[in-house]
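K.L.:
So the protein sequences, as listed, match chains A and B.
For the first sequence, our numbering gives the first residue as 178, with consecutive numbering after it.
For the second sequence, our numbering gives the first residue as -5, with consecutive numbering after it.
The hints are simulated quantities; they were obtained by calculation from the structure and are not laboratory data.
Keep in mind that the hints are not guaranteed to be accurate.
[To be verified] Covered stretches of chain A, as calculated for chain B (at least 3 residues, CB under 8 Å):
| hint | stretch |
| --- | --- |
| 1 | 338 to 349 |
| 2 | 357 to 364 |
[To be verified] In silico EDC-like links for lysine to aspartate or glutamate, alpha-carbon gap of 16 Å or less:
| hint | chain 1 | residue 1 | chain 2 | residue 2 |
| --- | --- | --- | --- | --- |
| 3 | B | Lys76 | B | Asp106 |
| 4 | B | Lys19 | B | Glu55 |
| 5 | A | Lys212 | A | Asp188 |
| 6 | A | Lys358 | A | Glu384 |
| 7 | A | Lys256 | B | Glu27 |
| 8 | A | Lys449 | A | Glu401 |
| 9 | A | Lys256 | B | Glu115 |
| 10 | B | Lys40 | B | Asp6 |
| 11 | B | Lys103 | A | Glu384 |
Even for Gly, the Cβ is constructed at its ideal location relative to N, Cα and C.
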Amino acid sequence: MQQSTYDFLRDFLVRHSGLALSEQKRYLVETRLVKIVRDYELADINAVVAELRKNEKSKLAQDVIESMTTNETMFYRDKHPFESLAEHIAPEMLERHRQLRVWSAACSRGQEPYTIAMVLDKLMPDSLRRCRIVGTDLDEVALRYADAGVYTQMEVQRGLGVRDLVQYFEQDNVNWKVHNKLRGMVKFQKLNLIDDASVASIRGEGEFHVVFCRNVLIYFSPEERCRVIDRISKRMVVGGYLFTGATEVIGQTKSEWAPVKKGQSRLWQLLKSA
Amino acid sequence: MSIVRKVMVVDDARVVRMALRGIMKKMGWEVVEAADGREAVSQLEKNPDLSLILLDWHMPEMNGYDFLVYLRSKPEFSENPKVVMVTTEASMPSMLQALAAGADEYIMKPFDADMIASKLEQVGIVVEAS
Ligand SMILES: C[S@@+](CC[C@H](N)C(=O)[O-])C[C@H]1O[C@@H](n2cnc3c(N)ncnc32)[C@H](O)[C@@H]1O
């Protein structure tokens, strides 16, 4: 791949998904584009980029973006955020609000929002009525997977205990399907965190009390990270909580946050939105 | 400093016992083996200090389920050692049956080291990075 081709791709990815690639990631990009070359029966990577230059909103463009995303996730990832939600955050919020609204802001294949749903369901008998969970992602393929709620044997054995499996899943041939009750608690929507209009369009039934935005900020530049946090803050209630990934800290944002510790989890409480 | 804990691996397939032995040793465990439920009974007598059993279901002589029922019928073993089923038996009714008989966790084969570690955490065993 020529330098100019790589430069165009880097720029394209930053503008459409926020993914900030270093000069050294060239090889990785080439590897991942091989699949697009094959799927679209194109001659080579240069042909892919020629198509991209013609139309940045095409199906091919979406496929290029999705080929670069890392969808790695699992049920109860890191465990402690969900303990903190169960033991501290949810009880505190439910005391003050009749309905609890939670947003999983880069939900990948859905393990995170369904984990939230299981945690909340165990806390109250009327979870279906009192909780609204929205799972969003940029990746349409991952979102369709999440919405279907059907997981492989491998996926349901990473992070998930057998008691949750028998309580919240049913067998679907060799796979495992999330119960309708949980599926009723979670709604999925395509949303791009680096796009103001897209974030503003999120369907909820009001501002969110809790947001999980984990293991996605790392892919953005430091400036974009701050803008994403600011966009999210506008969709939250003041006093609401934000979970980020273990290494993801909030920097120089317009929105104001207080670092708090609840149980084993360090998270952020919104003081003033952007 | 870490305390060495002892696990019994029960499976009639030698390759499976070897794979599990390898994974558990890497995590710092002492491993004893049994090729069926009857061998497991005698190993249990020799090793009452087991803290974990990884238990296959289908085996000749005495199967894993029958061994589990036997184990939990002994007052001294009613809660410990923890039992994780490791089996090709991948159906909801089997899981419910094993849980009702006193299993603590359940692994559907095939497994890998991450899955074992994840399931050990589920039964409250802290896994040390190797
Ligand atoms: C590693 S997964 C994290 C999943 C889950 N939050 C977790 O912690 O396990 C990262 C996800 O972020 C999504 N993503 C990347 N850029 C995004 C953007 N600009 N807007 C929304 N989602 C994005 C990817 O599609 C991917 O599914």
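K.L.:
None of the hints should be skipped; say for each whether it holds.
P.N.:
So, going through the hints one by one against the coordinates:
no., hint, in the structure
1, 338 to 349, "holds (count 7)"
2, 357 to 364, "violated (count 0)"
3, B:Lys76 x B:Asp106, "violated (19 Å)"
4, B:Lys19 x B:Glu55, "violated (27 Å)"
5, A:Lys212 x A:Asp188, "violated (20 Å)"
6, A:Lys358 x A:Glu384, "violated (23 Å)"
7, A:Lys256 x B:Glu27, "violated (32 Å)"
8, A:Lys449 x A:Glu401, "violated (19 Å)"
9, A:Lys256 x B:Glu115, "holds (10 Å)"
10, B:Lys40 x B:Asp6, "violated (20 Å)"
11, B:Lys103 x A:Glu384, "violated (43 Å)"
The structure fails hints 2, 3, 4, 5, 6, 7, 8, 10, 11 (numbered hints given earlier, in ascending order).
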